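J.: Protein sequences, first through last, are from chains A and B. In this text, residue positions in the first sequence follow my numbering: the first is 15, and each later residue adds one. In this text, residue positions in the second sequence follow my numbering: the first is 3, and each later residue adds one.
No wet-lab data here; the hints were simulated from the structure. Note that this is a predicted model, so its numbers are computed, not measured. No incorrect hints appear here.
The list that follows gives simulated cross-link-like pairs (lysine-lysine, BS3-like), each with its CA atoms no further than 30 Å apart:
{"#": "1", "chain 1": "A", "residue 1": "Lys-207", "chain 2": "B", "residue 2": "Lys-388"}
{"#": "2", "chain 1": "B", "residue 1": "Lys-388", "chain 2": "A", "residue 2": "Lys-193"}
{"#": "3", "chain 1": "A", "residue 1": "Lys-35", "chain 2": "B", "residue 2": "Lys-337"}
{"#": "4", "chain 1": "A", "residue 1": "Lys-171", "chain 2": "B", "residue 2": "Lys-420"}
{"#": "5", "chain 1": "B", "residue 1": "Lys-142", "chain 2": "B", "residue 2": "Lys-88"}
{"#": "6", "chain 1": "A", "residue 1": "Lys-35", "chain 2": "B", "residue 2": "Lys-420"}
{"#": "7", "chain 1": "A", "residue 1": "Lys-35", "chain 2": "A", "residue 2": "Lys-358"}
{"#": "8", "chain 1": "B", "residue 1": "Lys-420", "chain 2": "A", "residue 2": "Lys-363"}
{"#": "9", "chain 1": "B", "residue 1": "Lys-420", "chain 2": "A", "residue 2": "Lys-358"}
Computed from the model, here is a short list of chain B residues facing chain A with C-beta under 10 Å:
{"#": "10", "residue": "Leu-365"}
{"#": "11", "residue": "Leu-383"}
{"#": "12", "residue": "Leu-458"}
Each residue gets a CB set at the ideal place from its N, CA and C atoms; glycine is no exception.
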Amino acid sequence: MVPVLLILIPLITGAALFAVKQEATAKSIALLASLLSLALMLAGMSGYIDAAQMTYDQPWLGGINSRFHFALDGMSQLLCLLTTLSFPIIIYSTWNNRYDDSNRFFGLVLLSQAGLLGVFMALDALLFYFFWELALIPLYFLCSRWGGERRIQVTIKFFIYTFIGSLFMLIGLIMLYFKAGGSFAWSDFLNLKMTSGQELGIFLMLAIAFAIKMPLFPFHTWQPDTYEQSPTAVTMILSAIMAKMGVFGLLRWLAPIVPSATFLWGDNFATLAVIGMLYASFIAMRQDDLKRLVAYSSIAHIGLMILAIFAPSYSGIQGAMIQMFNHGINILGMWIVVNVIEQKFGTRKISELGGLAQKAPVLTILLVIVALANIAMPLTNAFIGEFMMFNGVLGSTATKFGLAYTIAALVTIILSAVYTLRMIQRVFYGETNELTSKATDISFNVKLSLAIIVVGIILIGVFPKPLLSLTSEVSADILGRMNLK
Amino acid sequence: MNAIILSAILGVILMFSGIFVTSKTAIRNIATAGMALLLLVNIAEQGGFHLFNVNTHNMLVFSKFGLLFNSIAFSATLLFFLVSAKDITNVGINAAEYFALIFFISCGIAIVSSFNSLLLLFLGIEIISIPLYILTGSDKRNLKSNEASLKYFLMGSFSTGIMLLGIALVYGAKASFSMEQMHSSINAGRNAWFYAGLLLVLISMLFKVSAAPFHFWTPDVYDGAPTVFTSFMATIVKAGVFIALVRLFDMSFVGSGYDWQLIIAIVTAATLFIGNITAIFQQSVKRMLAYSSIAQAGFMLFGVFSQNDFSREGIILYTLGYSLATIGIFAVLIKMKDYTFEGFNGLARTEPVLAATTTIFLLSLAGIPLTIGFFAKYFMLASAVKSGSHLWLVIFAILCAAISVYYYFRVIQSMYFKTGLAETEPVTPVFRWLLAGMAAAVIILGIFPNLVLQYLYF
Numbered sequence: 015m016v017p018v019l020l021i022l023i024p025l026i027t028g029a030a031l032f033a034v035k036q037e038a039t040a041k042s043i044a045l046l047a048s049l050l051s052l053a054l055m056l057a058g059m060s061g062y063i064d065a066a067q068m069t070y071d072q073p074w075l076g077g078i079n080s081r082f083h084f085a086l087d088g089m090s091q092l093l094c095l096l097t098t099l100s101f102p103i104i105i106y107s108t109w110n111n112r113y114d115d116s117n118r119f120f121g122l123v124l125l126s127q128a129g130l131l132g133v134f135m136a137l138d139a140l141l142f143y144f145f146w147e148l149a150l151i152p153l154y155f156l157c158s159r160w161g162g163e164r165r166i167q168v169t170i171k172f173f174i175y176t177f178i179g180s181l182f183m184l185i186g187l188i189m190l191y192f193k194a195g196g197s198f199a200w201s202d203f204l205n206l207k208m209t210s211g212q213e214l215g216i217f218l219m220l221a222i223a224f225a226i227k228m229p230l231f232p233f234h235t236w237q238p239d240t241y242e243q244s245p246t247a248v249t250m251i252l253s254a255i256m257a258k259m260g261v262f263g264l265l266r267w268l269a270p271i272v273p274s275a276t277f278l279w280g281d282n283f284a285t286l287a288v289i290g291m292l293y294a295s296f297i298a299m300r301q302d303d304l305k306r307l308v309a310y311s312s313i314a315h316i317g318l319m320i321l322a323i324f325a326p327s328y329s330g331i332q333g334a335m336i337q338m339f340n341h342g343i344n345i346l347g348m349w350i351v352v353n354v355i356e357q358k359f360g361t362r363k364i365s366e367l368g369g370l371a372q373k374a375p376v377l378t379i380l381l382v383i384v385a386l387a388n389i390a391m392p393l394t395n396a397f398i399g400e401f402m403m404f405n406g407v408l409g410s411t412a413t414k415f416g417l418a419y420t421i422a423a424l425v426t427i428i429l430s431a432v433y434t435l436r437m438i439q440r441v442f443y444g445e446t447n448e449l450t451s452k453a454t455d456i457s458f459n460v461k462l463s464l465a466i467i468v469v470g471i472i473l474i475g476v477f478p479k480p481l482l483s484l485t486s487e488v489s490a491d492i493l494g495r496m497n498l499k
Numbered sequence: 003m004n005a006i007i008l009s010a011i012l013g014v015i016l017m018f019s020g021i022f023v024t025s026k027t028a029i030r031n032i033a034t035a036g037m038a039l040l041l042l043v044n045i046a047e048q049g050g051f052h053l054f055n056v057n058t059h060n061m062l063v064f065s066k067f068g069l070l071f072n073s074i075a076f077s078a079t080l081l082f083f084l085v086s087a088k089d090i091t092n093v094g095i096n097a098a099e100y101f102a103l104i105f106f107i108s109c110g111i112a113i114v115s116s117f118n119s120l121l122l123l124f125l126g127i128e129i130i131s132i133p134l135y136i137l138t139g140s141d142k143r144n145l146k147s148n149e150a151s152l153k154y155f156l157m158g159s160f161s162t163g164i165m166l167l168g169i170a171l172v173y174g175a176k177a178s179f180s181m182e183q184m185h186s187s188i189n190a191g192r193n194a195w196f197y198a199g200l201l202l203v204l205i206s207m208l209f210k211v212s213a214a215p216f217h218f219w220t221p222d223v224y225d226g227a228p229t230v231f232t233s234f235m236a237t238i239v240k241a242g243v244f245i246a247l248v249r250l251f252d253m254s255f256v257g258s259g260y261d262w263q264l265i266i267a268i269v270t271a272a273t274l275f276i277g278n279i280t281a282i283f284q285q286s287v288k289r290m291l292a293y294s295s296i297a298q299a300g301f302m303l304f305g306v307f308s309q310n311d312f313s314r315e316g317i318i319l320y321t322l323g324y325s326l327a328t329i330g331i332f333a334v335l336i337k338m339k340d341y342t343f344e345g346f347n348g349l350a351r352t353e354p355v356l357a358a359t360t361t362i363f364l365l366s367l368a369g370i371p372l373t374i375g376f377f378a379k380y381f382m383l384a385s386a387v388k389s390g391s392h393l394w395l396v397i398f399a400i401l402c403a404a405i406s407v408y409y410y411f412r413v414i415q416s417m418y419f420k421t422g423l424a425e426t427e428p429v430t431p432v433f434r435w436l437l438a439g440m441a442a443a444v445i446i447l448g449i450f451p452n453l454v455l456q457y458l459y460f
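Between the sequences and the hints, there should be enough to build the whole structure, so can you do that?
T.: Right under this line is the structure:
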């Protein structure tokens, strides 16, 4: 029942919010609903709820043998935890943002949460596709309705891009369906006997969808524009959670199902990932807009996860798993800071800001910790994840180029330090100017949200074991299917 | 049989009611009640209850598939009457005749969904076509309507001629009009004349469903005809001809060992390409919908292309989903004062219900999950994947589906994200509720398509 409730809570509340007229009420209801899903998720993970309740399996479409099959294994728990944790933070940290028709805004936000949770829990391919698209539709409306100046062109590009990917995925899933003798069940997909040609075809169909969603270079061109033009709360959803849909897709629906094609094509994708990391890092260094900077840095970070998956080893896969969570909360922290700055000064241009540290010391301290996590300093959570991934890529038996990949990826870590620290220096230190001289420190809601994230960063950085043991089984299983232990 | 006879009788009744009944409201009510009755007797026949026992000498065969299709077509027509009956009576002074013609078309649809002889196919197609020529030109004082009607009539007559020639050739080769003769495994008489004849019949049918390269009449006719009738033509009538096409293929080409799939694949690709690419450049929503109907016909052609259980389920769902969505959009379009995309600017502010329901219909046409349009496209694509050959067509189709998002979403962008004051004719609350009900049906069937499909098997 837990999976169904996790989806129904945001779904029903989200739909109901369209009928609520008072803005303040709508916001509070949305926050409450997201907290409720978080509580349910935590209760489910802590073992208060019977383990049998963590799956749900009912017939759906008899004729084509598709089922309402949800389950919460380790990887699903990790990502559902990230989702349910992020939404209250997103809603609370942007509490003071003003939106027209805010009831609809929060309604759509909750609907997207329902879609995302469904993606992470579905064990039926058709159901997975259903939620994959469902997560997209509310986000399209959110970006197009409440976004920046160029929102309409940018979001239609985003939508068509991801829609093409989704349709390719649909074809891939249909091909798997017929291969599996008319079943959409994930477990039936696992042990299919296919020729290498068939496997490659299916691999490419699925990989395109995930590559666009993550995004992987050269399919990334929608991403910076969309992140920039969306309202920041929506950018948070896009980068903290939706980008993980692609990585999750690789780990659940690609690598275990078409392992030999993943192995054969691993080097190609790993190379693209490395190119993308370098490319995004260099561009991030030249950005003057805070949102675009974080957007490009996100491409680089996701690139490392893709690299670790396509040059696999146990340590690398585990690193990618935990880094999905880490990157989610870290980037949430970055966006919260960007949102504060944008709301306060009405600009995101780095060149127009300066000296904020004198006026907003608390914000600065919290941001610096988040930023250090962004560049994977030891003691922060990202260090654990990225170290494991480097370790994994270097030691991977699946690729001959482990060393080259590792060196190239390490360069991007240095570059990320360059652009992140330079951003902090130019925005928070130095002289104040006309715009920033009247600045005040952050309000309580931002302080609390950032504090939660910072606590998470340090906690996981020091004691990552619970998260790692959560996914160890899934990681070992994926590697076993690729014959790489 | 129930539906064929009753629809003809109802058509005649409505023609006479034009003389005796002067109130337009009364005519509307008679027509709506008549359509409801027609639907009921057809459902009764699905349950094995026959009103008339006519020996058709095996010229008509009533299969589950055909009867289910009738039910769907009649339900769609009933919905069409409910949301647009007022607009039908507003087209001109002869309100009752328009309804009568629509009943005759329903009769034609019931014939082509169960024909078992080429003669009856021809009869059914003509019974559908001739009333359509009249409906297209029913706005007598409108030059565009006249032009459209004449164009449609001339082109349609040519295609009818081609069909007759084809049937004659087939008869020459097989010495029979019966479909079973054609289907018989004995290849006797399957010679060049036979295939040439079938090809001519195919061309004529492709013309009727506006498949490329026989689509040139469509935009002008759909644009010129009164908008209510465009809605009817683009949905129910087109689906009816599709059923005829599917049945014709099922019983003639299939198993002939002849690579007919390639012909259909090329036609499908061309239809998808032309419909989608041209729709992008339209400025008027009505014309955009005309091209979109060509594009959707491309997807329906998959039902002809693959000929398996998936394609049969698919064409049923496609008919239903496409009709629901298109009738809904046209019902809203009729109420708009300005048919261009700009005319929709800001509709979400002035008429939120109309905008929200139109959005759902458009999402369904684009094939987004949670709407019936998704399952319609899903079954079509799955049928093509299952048939195993011509995978390039599937990939081409999904690229075209992605293109279609662009022009469908342009309407959504206008309604929701652009500022403006869209002007509409006054709208009644009943109309809003009906639209909301149709939108709810689109979503419910989008989650549980089995609600319809189960009737194919039980």
